[in-house]
Amino acid sequence: MQSVSKEYNGNPVLKDVNFTLKEGEVLGLVGENGAGKSTLMNILFGMDVIRQTGGYGGRILIDGKEVKFASPLDALKAGIGMVHQEFSLLPGFTAAENILLNREPENKSVISLVFGQRANTIDRKTLQKKAIDAITKLGVSLDPDMLVSEMPVGHKQFTEISREISKSSIRLLVLDEPTAVLSEKEAEMLLKAIKNLSAQGISVIFITHRLQEILDVCNKVIVMRDGRIINELDAAKTSIQEMAKLMVGREVASSSREKEERKLSDSIIMSIRNLWVDMPGETVKNVNLDVHKGEFLGIGGLAGQGKIGIPNGIMGLFPSGGSVTLNGKNIPLGDTRACLDSSMAFVSEDRRGVGLLLDESLEWNIAFPAMQIQNKFLKKYLGGLVKWRDQGAIESVTKKYIQQLQIKCTSSKQKAKELSGGNQQKICLAKAFALEPKLLFVSEPTRGIDVGAKALVLQALKQYNRELGVTIVMVSSELEELRQCCDRIAIVTDGAISGILPASTPSEEFGILMVGKSMKEAK
Amino acid sequence: MKKEIDIKKFLANNIVPIIFIVLCLICIPLAGYSGQYLVSQIITRIMRNSFLVLSLLIPIMAGMGLNFGMTLGAMAGQIGIIFITAWNVVGIPGLLLAAIIATPIAALLGWFCGKMLNMAKGREMITSYMISFFMNGVYQLVVLYGMGPVIPLHSDQVILPRGYGVRNTIDLINVRQSVDNFWSLTIAGVKIPLLTIILIALLCVVIVWFRKTKLGQDMRAVGQDMEVAREAGIKVERTRILAIVISTIFAAYGMILYLSNMGTLNTYNSHSQIGMFSIAALLVGGASVSRASIKNVFLGIILFHLMFILAPQAGRELMGQAQIGEFFRVFISYGVITLSLVLYEIRERREKAESAKAIADQQKEERA
Chain A
1 MQSVSKEYNG NPVLKDVNFT LKEGEVLGLV GENGAGKSTL MNILFGMDVI
51 RQTGGYGGRI LIDGKEVKFA SPLDALKAGI GMVHQEFSLL PGFTAAENIL
101 LNREPENKSV ISLVFGQRAN TIDRKTLQKK AIDAITKLGV SLDPDMLVSE
151 MPVGHKQFTE ISREISKSSI RLLVLDEPTA VLSEKEAEML LKAIKNLSAQ
201 GISVIFITHR LQEILDVCNK VIVMRDGRII NELDAAKTSI QEMAKLMVGR
251 EVASSSREKE ERKLSDSIIM SIRNLWVDMP GETVKNVNLD VHKGEFLGIG
301 GLAGQGKIGI PNGIMGLFPS GGSVTLNGKN IPLGDTRACL DSSMAFVSED
351 RRGVGLLLDE SLEWNIAFPA MQIQNKFLKK YLGGLVKWRD QGAIESVTKK
401 YIQQLQIKCT SSKQKAKELS GGNQQKICLA KAFALEPKLL FVSEPTRGID
451 VGAKALVLQA LKQYNRELGV TIVMVSSELE ELRQCCDRIA IVTDGAISGI
501 LPASTPSEEF GILMVGKSMK EAK
Chain B
524 MKKEIDIKKF LANNIVPIIF IVLCLICIPL AGYSGQYLVS QIITRIMRNS
574 FLVLSLLIPI MAGMGLNFGM TLGAMAGQIG IIFITAWNVV GIPGLLLAAI
624 IATPIAALLG WFCGKMLNMA KGREMITSYM ISFFMNGVYQ LVVLYGMGPV
674 IPLHSDQVIL PRGYGVRNTI DLINVRQSVD NFWSLTIAGV KIPLLTIILI
724 ALLCVVIVWF RKTKLGQDMR AVGQDMEVAR EAGIKVERTR ILAIVISTIF
774 AAYGMILYLS NMGTLNTYNS HSQIGMFSIA ALLVGGASVS RASIKNVFLG
824 IILFHLMFIL APQAGRELMG QAQIGEFFRV FISYGVITLS LVLYEIRERR
874 EKAESAKAIA DQQKEERA
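Sequence order for the protein chains is A and B. Just so you know, we're using this note's numbering here: the first sequence kicks off at 1 and counts up by one. Just so you know, we're using this note's numbering here: the second sequence kicks off at 524 and counts up by one.
Among the hints, erroneous ones may be present.
With a Cα cut of at most 25 angstroms, we get these calculated SDA-like pairs of lysine to any residue [as the list claims (entries may be wrong)]:
1) K125/A to S816/B
2) K438/A to D341/A
3) K735/B to F821/B
4) K818/B to A78/A
5) K887/B to G334/A
6) K156/A to L631/B
7) K875/B to N286/A
8) K245/A to G499/A
9) K130/A to G756/B
10) K413/A to K438/A
11) K735/B to G756/B
12) K880/B to P437/A
13) K376/A to P437/A
14) K880/B to A338/A
Cβ-Cβ distance ranges computed for the label pairs, FRET-style [to be verified]:
15) Q796/B to T136/A: 37 to 45 angstroms
16) G858/B to L468/A: 42 to 50 angstroms
17) L664/B to T410/A: 46 to 54 angstroms
18) K758/B to S109/A: 18 to 26 angstroms
19) E418/A to Y867/B: 50 to 58 angstroms
20) N231/A to S878/B: 38 to 46 angstroms
21) V386/A to R872/B: 35 to 43 angstroms
22) V153/A to F533/B: 39 to 47 angstroms
23) L862/B to E86/A: 33 to 41 angstroms
24) E86/A to V729/B: 33 to 41 angstroms
Since the hints were made in silico from the structure, they are not lab data. A virtual CB, placed ideally from N, CA and C, is assigned to each residue, including glycine.
The task is simple: from the sequences and hints, build the whole structure.
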C-alpha cells in the first residue's frame with residue numbers, strides 16, 4: 001500500500017491529508033472528536049455518506065494503483081475491512097453464524113435447481129470450520145457456538161473482527177475505537193490479536209483514545225486535529241504527554257484569551273452520589289459530583305464515555321440509580337416530572353427528538369413546558385376550574401426571547417421545524433429559560449450549528465448564569481467551548497469522573513484526563 | 524435460590540399454556556366425555572388445523588410477527604374449492620386441482636401483502652390484519668357478483684338461483700374426508716387417517732428443512748435485525764416478501780385440507796374465522812410474536828381445541844346452556860391474542876430493566 005492522500009472539499013472537514021501504510025504495519029490514529037478521523041475512514045471505506053455529500057478530492061492508491069470505491073462492497077472486494085464502534089451483530093445467532101453472515105457455505109441439492117440458489121441448505125460443518133479458522137487467525141479464545149446475546153462485550157468485538165478477517169481477501173483492517181467498550185483484560189487480548197494480524201501481513205489502522213495502547217501496538221502514530229494531520233510520530237519514540245498535547249493543541253489561541261476567576265459559593269446546590277445510568281452508548285457508573293450554587297460547571301470527555309448520560313439519567317430519560325439531592329432534598333430518579341417540579345430544567349442534545357415540538361409554533365414550543373409544569377400563561381376562570389391559555393402573555397414572552405436570543409424567524413407563529421439548527425437550539429434554550437429554573441442542564445448546545453450561532457448560544461448561557469445567578473451544568477464534547485464559559489470542568493472517562501479542574505488549567509491536562517487510565521502512567 | 528428463579532421464569536414464559544392446561548383439567552370432569560371420544564375428536568382437530576397453524580411459522584421466523592394475512596391464503600383455498608365443486612371434480616384429484624388453482628392466487632395475494640408490509644415495517648401485525656379485512660371486501664365482490672357473469676360458473680350446486688353469486692354454504696360432498704378416508708386405520712374405536720398424518724409430517728419436515736436453507740437462515744437474520752442483514756448484503760425486502768408468499772400458499776393448502784375434512788364451505792365466513800382461531804391456537808401453544816416452533820403448533824392445537832370441545836358441554840352442565848360455550852370460544856381466542864401481545868411487550872421491558880440492573884450490580888462490585 002503506497003501513498004494515500006486525499007482532501008475533502010465543500011465543507012472543509014479534511015485538509016490535505018497524506019499518509020502511507022506498509023504491509024503488516026499497525027498505524028495509530030488519534031485526535032479529538034471532530035478532528036476528521038471518521039470522515040477519513042469513511043472515504044477509505046467508500047461509504048455512501050461521502051458520495052452523497054459531493055465526493056472527495058485527492059487520490060487513494062493501493063499497490064500503486066489508484067482506486068475509487070463506489071460502495072463499501074467495493075472496498076471489501078479490495079480487501080479493506082472495517083469494524084465500527086457500534087456492533088453490527090445478530091443477537092440470536094452464534095458467533096460462527098455471525099462471522100459468516102450471508103457468506104455461508106452451502107450444500108448443493110436437487111431442490112435448488114427448481115427453487116433457485118437460496119433453497120440450498122447450509123453446510124454447518126464447513127461453516128463451523130471456517131469460523132474457527134478465522135478465530136484462530138485472530139488468536140483469541142472464542143466459542144463459535146455461543147450466542148451473541150450471551151456474550152460479554154469483548155467477545156462480541158472479537159466476533160466482529162473475526163468476521164472481517166474471515167473474508168479471504170482481507171489486507172487492511174480498520175478498527176474504530178475497538179477497546180472503548182472492553183475491560184482491561186479484554187483490551188489486552190485484543191492488542192495481542194492486533195499484533196498477530198500484523199505478523200500475518202495484514203495492515204491495521206487503529207483508532208483509539210487510549211494512548212497507552214498506541215504505544216503498545218502501533219508502529220507509527222498519526223495525530224489529527226481540525227481535519228489536518230498535525231504530526232506523524234514514531235510510536236517507539238513518542239510519549240503520552242506529547243500525543244495528548246498535539247491532540248488538544250491550540251496553544252496560541254487559548255493562552256491569549258482573558259480569564260476571569262470567580263470565587264465559587266460554598267453552598268452546594270446539587271450533590272450526586274453513586275449515580276449509574278443505562279443509556280446505550282453512554283453508560284455512566286459511579287459518578288460522584290458536587291455542584292456549587294451559582295457556578296457554571298462543564299462536563300467534558302470523549303464521545304461514548306458517558307458524559308451525556310449524566311444529565312439524561314438525572315432527568316429520568318433513561319433508567320438510572322444512585323442518589324441525587326438538590327438543595328438538601330432528595331430527588332427521585334427516573335421521575336422527570338419531579339425533576340422539573342423542583343426547578344431543574346434540561347436542554348437535551350437531541351434537539352429535534354426530545355427538545356422540540358417540530359410541527360408546532362415557536363410560541364407553543366417556548367410556552368408549553370412552563371404552562372404544563374408551572375401553570376404559567378394561563379387565565380383562570382370559575383375559581384380555577386376552567387383554565388384558558390393566555391395568548392397575550394405567550395406572545396409577549398416569545399417575542400422577548402426572540403429578541404434576546406436573536407432568533408431568526410418570520411414570526412412567533414412559525415413552525416419549529418422550519419428554523420435552522422442554530423435557531424432551533426435557541427428555541428430550546430428559550431423554552432428552558434421560560435421555566436426559570438434554579439439549575440439548568442445543557443447537553444451539547446452547540447452540536448451541529450454554525451460558528452456565529454455557537455457564539456450567541458454560549459453568550460446567552462454565560463449571561464444567564466452571570467446575571468441571574470442560575471447554576472448551569474453544561475455537557476459538551478468541545479473542550480474549548482467549556483473553557484470559555486465554565487468555572488470548573490469535570491472530565492468523564494469510562495463512565496466515571498476522572499477529574500475536576502478549574503477552567504483555566506492548560507488544555508494538555510484535560511487531554512490527559514480524557515484518555516483516563518493512562519493518566520497515572522503518564523505522570 | 525437459582526432453582527426458584529428458574530421456576531419463576533418458567534412460569535412467566537409459559538403462562539398461557541399453563542392457564543389452558545388448568546382450564547382443561549377443570550373442564551374434563553365437568554363435561555363428562557369418554558376418553559375415547561375426546562381422543563378421536565382431538566385427532567380430527569389436529570388433522571383439520573395443523574397445516575393452517577404451521578403456515579404461520581415462517582413469517583414469525585422472518586420477524587414479521589403473527590401473519591393475520593393468512594386469511595388471504597384461506598380465501599385462495601376457498602376459491603379453489605368453489606371451482607372444483609362447480610366443475611364436479613371428485614376425490615383426491617379434485618383437491619389437487621383445487622390446490623393448483625389456489626397456488627397462483629395465493630402467491631399473488633401474498634406478494635401484494637408482503638409489498639404492503641414492507642412499507643409498514645414494525646407495524647406488520649396490525650397492517651396484515653387490516654389488509655385481510657380489506658381483501659375480504661374484494662373476495663366478496665368476486666364471489667358474490669363476479670362468479671357467474673364474469674367468471675363462467677354454471678353449477679346449481681354452487682351458484683345462487685338468481686344466476687350469479689355463490690351460495691352461502693356449499694356442501695362439499697365430492698371431496699368430503701377424501702384424504703382422511705384414502706388410507707386409514709381404526710385403533711380402539713379411534714379412526715387414524717394415515718395419509719393426512721403423512722401430509723402434515725411432510726410439512727413439518729419441510730419447515731425443519733427450510734430453517735436449514737440459505738433462505739431460512741436469511742429470514743432468521745432479517746428477523747433479528749434488518750439493518751445488520753442489509754449490511755451483510757442480504758436482500759431484506761425480497762426475503763420478507765418471500766416469507767409472506769410462502770406462508771400464504773401454505774395457508775391456502777391448509778384451508779383446502781380443512782374444508783375437505785369439514786365437508787361444508789361457509790363461503791362468507793370460514794376464512795375470517797380461521798385466521799383468528801389458528802393464531803389463537805399457536806399462541807396457546809406457548810408461541811410468542813417473535814418465537815414459535817412446531818412443538819407450539821401441536822401443543823396449541825390440542826389445548827385450544829380440547830377447550831372448544833369441553834367448553835359447550837361444561838357450560839351446559841353448569842348453566843344449562845350450551846350457548847355459553849360458543850361465547851367462551853370467541854372470548855377466549857381474542858383474549859389469548861391480547862394477552863400474548865401484552866406479555867410480549869412486558870417481557871421486552873423486563874429485559875431492558877435487567878440490563879439496567881446489571882450496571883447497578885457492576886457498580887456495586889466495583890465499589891466493593
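Consistency of the hints with the structure:
no.	hint	verdict
1	K125/A to S816/B	holds, 24 angstroms
2	K438/A to D341/A	holds, 11 angstroms
3	K735/B to F821/B	holds, 21 angstroms
4	K818/B to A78/A	violated, 46 angstroms
5	K887/B to G334/A	holds, 19 angstroms
6	K156/A to L631/B	violated, 41 angstroms
7	K875/B to N286/A	holds, 20 angstroms
8	K245/A to G499/A	holds, 18 angstroms
9	K130/A to G756/B	holds, 19 angstroms
10	K413/A to K438/A	violated, 29 angstroms
11	K735/B to G756/B	holds, 19 angstroms
12	K880/B to P437/A	violated, 31 angstroms
13	K376/A to P437/A	holds, 13 angstroms
14	K880/B to A338/A	holds, 22 angstroms
15	Q796/B to T136/A: 37 to 45 angstroms	violated, 57 angstroms
16	G858/B to L468/A: 42 to 50 angstroms	violated, 57 angstroms
17	L664/B to T410/A: 46 to 54 angstroms	holds, 51 angstroms
18	K758/B to S109/A: 18 to 26 angstroms	holds, 21 angstroms
19	E418/A to Y867/B: 50 to 58 angstroms	violated, 39 angstroms
20	N231/A to S878/B: 38 to 46 angstroms	holds, 41 angstroms
21	V386/A to R872/B: 35 to 43 angstroms	holds, 38 angstroms
22	V153/A to F533/B: 39 to 47 angstroms	violated, 28 angstroms
23	L862/B to E86/A: 33 to 41 angstroms	holds, 35 angstroms
24	E86/A to V729/B: 33 to 41 angstroms	holds, 37 angstroms
In summary, the numbered hints that this structure violates are 4, 6, 10, 12, 15, 16, 19, 22.
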